[in-house]
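Heads up: the sequence lines are chains A and B, in that order.
The opening position of the first sequence corresponds to residue 5 in this note's numbering, with each subsequent residue numbered one higher.
The opening position of the second sequence corresponds to residue 5 in this note's numbering, with each subsequent residue numbered one higher.
If you are wondering where the hints come from, they were derived from the structure by calculation, not from laboratory data.
On a predicted model such as this, the values are computed, not experimentally measured, just so you know.
Accuracy of the hints is not assured; some may be wrong.
[Claimed, not checked] Chain A is faced by these chain B residues, among others (derived, beta-carbon under 10 Å):
id: 1; residue: ASN7
id: 2; residue: GLU10
id: 3; residue: LEU14
id: 4; residue: PRO28
id: 5; residue: VAL30
id: 6; residue: ILE32
id: 7; residue: TRP55
id: 8; residue: LEU75
id: 9; residue: ASP79
id: 10; residue: LEU82
id: 11; residue: LEU103
Beta carbons: idealized from backbone N, C-alpha and C, even for Gly.
Number of protein chains: 2
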Amino acid sequence: MPNLFENLPLHIPEEEFKELLSRPGVRIERIVSNGQSTPLDAPYHQAHDEWVLLLRGSASLWIDGEGERDLGPGDYLLIPAHSVHRVTKTATNGPTVWLAIHFR
Amino acid sequence: MPNLFENLPLHIPEEEFKELLSRPGVRIERIVSNGQSTPLDAPYHQAHDEWVLLLRGSASLWIDGEGERDLGPGDYLLIPAHSVHRVTKTATNGPTVWLAIHFR
Chain A
5 MPNLFENLPL
15 HIPEEEFKEL
25 LSRPGVRIER
35 IVSNGQSTPL
45 DAPYHQAHDE
55 WVLLLRGSAS
65 LWIDGEGERD
75 LGPGDYLLIP
85 AHSVHRVTKT
95 ATNGPTVWLA
105 IHFR
Chain B
5 MPNLFENLPL
15 HIPEEEFKEL
25 LSRPGVRIER
35 IVSNGQSTPL
45 DAPYHQAHDE
55 WVLLLRGSAS
65 LWIDGEGERD
75 LGPGDYLLIP
85 AHSVHRVTKT
95 ATNGPTVWLA
105 IHFR
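Isolated chain A (complex conformation):
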């Protein structure tokens, strides 16, 4: 059986995005970060809602109009469509694992 915490990439230059399941209107994705953050000049701006759950490691997330907040294991939130947002930091001492549900 597949496991969300297996084959976690380490020492990779970019975050890893892995699609776990795709259905009409929804996509489940695992994201693994290793200290990366979203470039200041290239924030995310998505046309769809995204629900994220942090499961391992830690991160900080900035959402335009809402400010920055710290996330630890188990924290989850909805990033509304068209909300400009950035991951401002992720843990540097091991992989940070996210589950993302995209409603598209």
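For chain A, the structure is supplied; the task is to place chain B on it using the hints.
Chain B alone, transformed into the frame defined by chain A:
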């Protein structure tokens, strides 16, 4: 920020189902088990696909035609629509936490 592992019920007679987000065609749910299993004479039989991820504790899941398998933290699978299935056991030494995505 809400956390998936906060307010975990203990010593409850029934499993707890908590809706985290509902959208047209999809529903995200937290399930907490404390030793419960699905009654032999009342297996699940859903008209929609369900994707489940076990995050804490342990469980065994039987799916008709596929057999029984053990799940630990991080294990995930798709339970196809119309697959008769049962949770045959869940950990008795602490809460078992599932994330379920229902595609309805």
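Comparing the hints with the structure gives:
1. At a threshold of 10 Å, the smallest CB-CB gap from B/ASN7 to chain A is about 4 Å, leaving the interface hint in force.
2. Taking 10 Å as the C-beta contact cut-off toward chain A, the hint placing B/GLU10 at the interface holds, the least distance being around 7 Å.
3. For the restraint placing B/LEU14 at the interface with chain A, the shortest Cβ-Cβ distance is roughly 17 Å, beyond the 10 Å limit, so the hint is violated.
4. Because the smallest distance between the Cβ of B/PRO28 and any Cβ of chain A comes to about 7 Å, under 10 Å, the interface hint for this residue holds.
5. At a threshold of 10 Å, the smallest CB-CB gap from B/VAL30 to chain A is about 5 Å, leaving the interface hint in force.
6. Hint status for B/ILE32: holds, given a least beta-carbon distance of 6 Å to chain A, under 10 Å.
7. At a threshold of 10 Å, the smallest CB-CB gap from B/TRP55 to chain A is about 6 Å, leaving the interface hint in force.
8. Restraint check, B/LEU75 versus chain A: the minimum CB separation of about 7 Å is within 10 Å; hint holds.
9. For B/ASP79, the interface hint holds, since its Cβ comes within 10 Å of a Cβ in chain A; the closest pair sits about 5 Å apart.
10. Checking B/LEU82 against chain A: minimum C-beta separation of about 7 Å stays under 10 Å; hint holds.
11. With a least beta-carbon distance of about 7 Å to chain A, the hint placing B/LEU103 at the interface is held under the 10 Å criterion.
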